[in-house]
Every structure is written in structure tokens, then in C-alpha cells.
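Trainee: One-letter residues, chain by chain:
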Amino acid sequence: MGPTDLSMLELGRKLGSGELSSVEAVRACLARVDRLDGRVKAFLRVDREGALAQAEAADRRRTKGKRAGPLDGVPVGLKDLFLTEGLPTTAGSRSLESFVAPYDGTAVKLLRAAGTPILGKLNMDEFAMGSSTENSAFFPTRNPWNLETSPGGSSGGSAAAVAARMVFGALGTDTGGSIRQPAALTGTVGLKPTYGRVSRFGVVAFASSLDQVGPMTRDVPDCAALLQTIAVYDPADSTSAPVKAPDYLAEIEGGVKGMKLGLPREYLELPGMDPEVRAAVEAATRALEKMGAQLVPVSLPHTKYALATYYLIAPAEASSNLARYDGVRYGLRVEGKNLLAMYGRTRDQGFGLEVKRRIMLGTYALSAGYYDAYYLKAQKVRTLIKQDFVDAFRTVDAVISPTSPTAAFRIGEKVSDPLAMYLNDVFTLPCNLAGLPGLSLPCGLTRGNLPIGLQILGKPWDEARVLRIARAFEREHDFHRRSPPLGAA
Amino acid sequence: MSLTLEEVRHVASLARLSLSAEEETLMRTQLSAILDAVAELSQVDTSAVEPTSHAAGEVAPWRPDEVRPSFPPEKALGNAPAEVGTSFAVPRIIE
Amino acid sequence: MSVADFQPVIGLEVHAQLLTRSKIFCGCSTEFGARPNAHTCAVCLGMPGALPVLNEKVVEYAVRVGRALECRINPVSIWARKNYFYPDLPKGYQISQYDQPLCEHGGLEIDGEDGPRRIRILRIHLEEDAGKNVHDPGGGDSLVDLNRSGVPLVEIVSEPDLRSSSEAAEYLKALRDVLVYLGVNDGNLEEGSFRCDANVSVMRKGSTQYGTRVELKNINSFRFVQKAIDYEIGRQVELIESGGKVTLETRLFDPVRGETRSMRSKEEAHDYRYFPEPDLPPLRIPAGFVERIERELPELPRAKLHRFTASYGLPAYDAKILVGDRPLADLFEQVQAVYRGPAKKLSNWFLGELLRLMKEEVREVGALRFSPAQFAALLQMVDSGELSNNAAKDVFAEMFRTGRDPREIAQEKGLLQTQDTGAVGAAVDAVLAANPGEVEKYRAGKKQVFGFLVGQVMKAMKGKGNPALVNAALKTKLGD
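Chains as they are written, first to last, in the working numbering: chain A, 1 to 489; chain B, 1 to 95; chain C, 1 to 480.
These are computed hints drawn from the structure, not numbers from a lab. Glycine residues also receive a C-beta, built at the ideal position from the N, C-alpha and C atoms. Do not rely on the hints blindly, as some may be mistaken.
What the hints assert, rightly or not - Chain C regions said to be covered by chain A (calculated; three or more residues, Cβ under 8 Å):
1. 49-58
2. 238-248
Stated by the list, open to error - Derived CB-CB ranges, DEER-like:
3. A:235 <-> C:292: 18 to 26 Å
4. B:32 <-> A:148: 26 to 34 Å
5. C:292 <-> A:292: 49 to 57 Å
6. C:413 <-> B:68: 51 to 59 Å
What the hints assert, rightly or not - Computed list of chain C residues with no C-beta within reach of chain A, every gap over 10 Å:
7. 3
8. 142
9. 310
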């Protein structure tokens, strides 16, 4: 077992005791990147010098007895949506291909303060729009479990890098499932925190009222530790909540005895559900019941409208958020005969098809004469979806469902049919619309040896309980310890 | 509902996207299909429902009126596609 | 038919910069005149990932404006994005307020053509300013400077209550005075910190149906407001009379040609796609906030004008000039509080010597070197006869320049009129002795001679004789 098989916290302990150095850990990761990433293609950019310099600094801190915390020296990766000062930040888009961020985002600053060397920037669907990483302007990322399949998206590069043990953990963002769905498809743990828990400052915006930053790790304790690092109130983000984060690791081992777990009847009726996924999730809920949880059927009657609601709200916000990529101050510019031509050509060539599709849809939904029927209507249905959860959480502590209706699908399979692709997100979207915390953890494997994800949704600010439920399941199972068949490092 | 090509062009011009003819046709088909799919929302009775425009963040703290350092020119203009002095340069704007 | 058969209907939209130190959503300076883009950061450059955080002073100032204009302050108002593309708009949208503004339903009293009128205010909302595009006259690139991007503005929208271009100008001046009084705006049209658009329509007299309105932009001086509106009224009337129809459009005022011309004629109609700004939760005004601001509101220009005429008994002309400059009015009151003499006398000094010197030296009230007590002391010296009016002007000029004490200056310059009755008596005796013929004439009834005798005494005393004392002594000695 090499150092890259360690969890973040295990590595952190070895770094603390001096058994391993951060430089060794970074070198082990880089070696794995060199060996595997030609096939997986998780990284858009590897920052070798930067990561090594940060590792050396971490090692110096340790020798001086001044470790910054349990993750000091543990190498991580970042979805390329996080602005990193002095490093290119592309958001997976041609429009930002040459953009070098002039500042560090808040989550990145927190990671630097915690001492985690940043190994590089990870591939993603362009501007986080997609569920397969095929919408990256540069190349698709492949699922380490089966290189013919997709790791999901939009944080597919982050999920693949964590699953392939090229990094110990990563940060992703989740607007409609972009952390949880790739986590499910790659057998990793991914958490979307409560909206407002983690600062969005310095994260390229997709849909501002839905976007949230979260950890992607190999197991639940790592997820808790990484969340702890970034769950800090930020006065630079007006939607960041002045709520103090609890000690997430403190109660993680508390078990599920006596907890009431809601099973939404509507979720199991959704179309397109793979029977293997259904079976694995049912087995997982029975396992949780055996551990002492009480299973309670709940109803989320407006869930079936979540997809339509999401595909109006998110594109509308995106159409406005992406207006700044106009070729004036930064990013791609394609010259034209006048200003209008410069705008049109810059944006046509800077954005990929999916991004343009959503900008068009969102622009239409906000335009004169259609606002009430589309955008405003969707905001009202959003209220009802939110209310469904408020009602459900009156009787249960958490809601359990599949993360994704299927395991990993083949690259190219859904790329030409946007509606089929959007169905990937049916289980994950409602959580974003309601602003709730949601976690995916591995709960099984298909006959084809592809991971299956279990989703746990909690009350607002109740990440601690979500993590505790996940940890209870994880302790009794070994799915999180299975490695994708890439060969040993 | 089916979008006309004119509508697709109008929306593209609002969004400052110079779509090719093929893209216009593709957008017309795909956006029409998506709009058909989202039309199911009209079935939901929302007559007594307030819209949700923010997921959370009911209290937004205000910032004191203090001047903070601005970017030095190399940061403000470091990514500029074209500049003259410390100004961004764009094709001449015709009023 | 002619312009006289039509009733103009005018509403004004005023954009006023709020005088905060930093921008509305970031900490960049709002200072004017820096090198292009020197006052920019991730937020006001519209960098990816940057987010707005509201400046508390902006809320305070806007509530001040709202309450001074008798508006209702909405406890919850909504930030909205106004989406359009322009190189000076870095995010591709302007953060503004749309269907739930901060202030609504107020009014401002002005002097209309037939006496005082209350012009209703429809709404006041907050927004960020855009940057500046400089168009190279040589035909090269346009240059974008984002120093102004994110400077806080209030937009004050009146109801279409104004009925003539002169009323519009009157309203604009009254509004500017209020904002300057509140200390939230410098009232400078030329530098663009106070800008005005006008909505103008005409209807036949007696009609109740408003005509189609035209929006006039780029009115950046008080002089232009009247010109632009008058031109536009004439244009619309002419159009209607010749059988044409006014079209809903935006027209730009060209101050060089003195005419308005259509803007964006070939562009598609604007569709700003307003929607609630997801990066900023609704603006909630905390309990007690409005009340606190109200308590701190200064006396407004119209109230002060009334008080200056009523309690100081000043003529309206004087009062208007004094009240037109809040620091000047404050200084007047400070001096008057010490002086306690006739207010009109003090006002004459303000309108005469003080304003003349301030104009000559281009000095503002805040930069004056003398104290109100010194000014009052000077006037008291005149009243008591220690200084002649002419000598006082000399002393005032010196006091204005140096801030030195008036008595000290008067002594140094030897301008003090003597209060010594002995010295006056001696001088009178000497003059009477030297002019027996004139004394004779006086006693014979030629009272005009008295003036000559006074002059002789003053001459003998080298101008330092107190005229009142001299008069009294002469009269006594002449046996009157």
C-alpha cells in the first residue's frame, strides 16, 4: 500500500508524526498523475512547482512544530472553477482559456491557510453545465472504473482524480448535482453543503442562487475534515451565512440509532431508473434500518417539477452571469468589423454548444413577455419544492434516495440529447432548489463493476447529521475502500 | 411550443451570440423541445405562492464605507485582450 | 394652433451620485480624476467569481434622501439585475432596483408659475454607476475606464407633474439644493455627479389623455434642461400639427445645435430582462434605522427659507441667496447669534463684502479664516461707532485674508474712532474758535453749516472722531 492509498486524515496523521513528508505525498501524487492521467484526463493543469513548494513549506512548519491543522501538507485538487491567483482558471471554457486569475477565491485561501498543497486544476463541464465532463472545451474526462464511461459532471475531473488516487481530496461545486452525481459515478464521497455554508467568492458563477462549493473525498471522515476547512462565514459573499460550523468530526461516529430516515415515494417512481441502482439503494436503506434507523415513507409531491424548474432558473441566472465574457476586459476576444460583431463572434466562439443552449434558454425565459410564464412561474414552483422538504423534515431527520438513476454511462451516449442528459440530475436538483445539504456516498457496485451512489439529504445547516448517517453506513461496508481497476501505483 | 427562427435570432441578438445558420436550426429544435418539457409547470397552481429568488441568506451584513486598496494595473489589465495606456480598448463604439 | 394650444407634461429622472468614500459594492475609492482603471478591483471590473457587498453608507444616504423627499421607506426592497451589453458595463448587467425600490411616493415643493406646487416623487432607488467610454475623435478604438463603475447612485423619478420647462428647471434646482443640504451629493452637473433625463409629452389643452412620451437624455446643465425640453415640446407640437405622430423613443440632446435627435434608431427595442439579483439578498431596513436617520435630518432649504424671512425678517431675495449655500446660511446664523444686531445689516455684509471677497479668492465657506465671533465683533464696532463703515470694510478684508482679530487690525491701521469725549471736546473747541464766521451763520439759522463743522472736526481728528460723539459735542457747544 503506497501513500496515495491513505485517506486525507490518515496521511495527515503520518505527516504529523513525521512518518511521511508532504513532499513525498506530493511526489507520490505526481507520479500517479504521470502514470494515469494520460488515460483518465482529470487534470487541466498540474502545478508541480507550486505544489512542491507548498509541500516544502508544510514540512518546514511541521519541523518547527507549527502545523496549520490536521490537513496540513495533504495534497488536494481544485475544479477549474476556483480562481487561483497566478494560475490559469478556465472554467472548462475557450472563453477563459488564457485567463490568469488575479486573486484567490475564499475557499482557496482557506485551503492555503490549512496548508494543503494544490496539485492542480481539474477538468469540468464548461461553466459547470453538464453531467458528464464531455462539455469541457478541452477534452472529456474518463471514469477510472471504466475508461469508456463518463465520470459524471460537472465536477467530473475532481471525482476522477480522487477515485484514481491522484489527489487525496478535491473541491467541486454543485449547482444541480455536480458534486454528488460524479461522486456516485466514481465511487467517492461528495457533499453539497447548505446554500450559504461555504463562500462562493472567487468561484466562477453558473447559477448564483443554486451554486455551492463542497468537498469530494474517498471517505466520510475526510469529507467532514475538508468541509470543516472551508465552512467559514465570508463577509465578501453576501449570501454566506453568519452561522458557525460545528465540529463535524466530533459526532460522526454516533450512529443512526433512533433516527428517522425519509424515503420519498415519488423518487422510486421516477422514469429511467436502473433496476441495479434501485436494488442497491434498497439494500442500503435496509442496512441503515438494521443499524437502528427508522424508515419513514415521505412525500415530496412537487419533486416531479424540479427538473423543469431547474432548467428555467439555472439558465436564466447563467445567461446573466455569463454576460461578462464579452472580450473587453479579459478572456477570449475574436475581432469583428465593429463592437457588435466583436461581441457576437467572441461569445459564439468562446462558448460551447451546451453553454450557448442554456444562455439562449435563460435569455428567452427572462425576456419581455415570457418572464411571468417561465422564470417567475419557476420561482413559484421552487417555493413549493422547498416547502415539500420543510413538511417532510417535520417528521424525518434526513431523506434517502439514489444519487443518480444510473451508474456511469458511456461517453458519447447522451451528449447529443440534452433532455436525456438532464435526467441524470432528477434526484440531485431538488436539494439545490431548496438550498439543503446533500451527500453522495458509494453504496454498491453494478454487475459491470461500476459504483452506485446513495444520496442523503438533510435539513438546512444539518451537515453534521448527514455525515453521521453516511459514516454509519460506510463503517459497515467497504465500497469506499474499493479502488478502480487501474493497476497499482 | 415551437420557436420560430425569428425568435431564435432575436434571443441570440439579445445574448450577443452570432450563431451560425446550423446552430440557429439546432437551437430552434432543441429549445422548442426543452420549452415543451418545461411547459408542465403550467399545470401547477401557484396563484397563492410567493416566488423564491434566493435559497437562503435572509440577512446580508453591510460593509462599512472604507476605502480598500484597488488592483495595481498589472492585475486590472493583466488579462486585457487590448489596452491603450491603462484603459481597455474596444472597437470604436458608434453612437 | 400653436404651442400655446398644447399642455406639456414633463417628468424628470435624476441620477445623483452619493458622496460615499468607497463604491457601492466594493472598497474601491470613488474619488474623481484618477488615472483610468486605478480605482478598480475584481468586483467593479466584473471579474469571474467576484461578488457584491453593500456599503452601509449608501443605505443611510438613500434613506436620508427618501425621508427628505417625504417618501415611504420600504422595509424590504429587492436588488435586480438590468441586463444589457456595453463596454462600460463590466458584468453585462447593472445592479439596480426594479419593482420593489427602497423609497416610494414622496414629493417636493417648488415655486411653480402660479405659486408653490408639490411635485410628486414616484420612486427613489439605488443602483451602481457604469464606467466611462472615451471615443477617440480620430476614429481609432474606444477606451474603457471603469473608475466610475460601481459608484453609488440614487435615481429619483418624479411623476409627470411638471407643466413647463421652467418648472422642470425649478424642480431640478430645488432637488439639487435638497441633496446638497443633506450632504449626500455635490450637485455638480458638469462632472456628472447629478444627471438628468426628461420624459416629455404634449397634449391638447383641456385633454386628460397624456400624449406619447419621449425620453431625453444627456441633459447636463440647468441651462440645457429648459432648452432641451422647449425644443422637444416644439418638435412634438409641430409633428402633431402636421398630422404626424410622436413615437415612443429616446432622444439625445445636442447642446451645440440646441436640438434633440433620435438615438438607437436602428437597434432593437431594449429588453433589459430584469430579475432579482441572486448575489444580494433583499435589502432589509432594520427597525429604528429610518427613525434614527430622520432625527439627524438637517433643516431643508425651503423650511430654512421660510424661517429666514419669518424670524430674521430678511427680504426673500437675501434669504434665497443665503439659503442657496448651506454653509453660508449656517455661518450667517452663527454670526447673528453673537451679533444680535439687525439681521438685515448682517445680510448686507454677507451679500456685499463677504460674497464679493469669496468670489474674488474662489474660497468656500469651509475655508474661511475668521470666526463667526470675529465677524460679529466687527459689526458691533461699527454699531458702537468705533469704526466707520468704510474703515470696517478695510478691516474685514484684512480679517478675511488673515483671520486676525478685527480690533487688533483696526488698532494697527489706526482706524479706531476715538471714544474720548475730552479729545472730541477739545477738537470741537478748536474748530469753533478757528471758524467764528461759520458759528455766526449757524446761530443765525443757516443749519447747513453744521455739516461743514463736523467735517472740520473729523479732519482735525484725522478721521478717528466718532461721528455720534462729534455731533453731540458740536450741538452742545453751539447751544442747540
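Trainee: Hint by hint, note whether the structure agrees.
Mentor: Results of checking the hints against the structure:
no. : hint                        : verdict
1   : 49-58                       : holds (count 6)
2   : 238-248                     : violated (count 0)
3   : A:235 <-> C:292: 18 to 26 Å : holds (23 Å)
4   : B:32 <-> A:148: 26 to 34 Å  : holds (32 Å)
5   : C:292 <-> A:292: 49 to 57 Å : holds (55 Å)
6   : C:413 <-> B:68: 51 to 59 Å  : holds (53 Å)
7   : 3                           : holds (35 Å)
8   : 142                         : violated (8 Å)
9   : 310                         : holds (48 Å)
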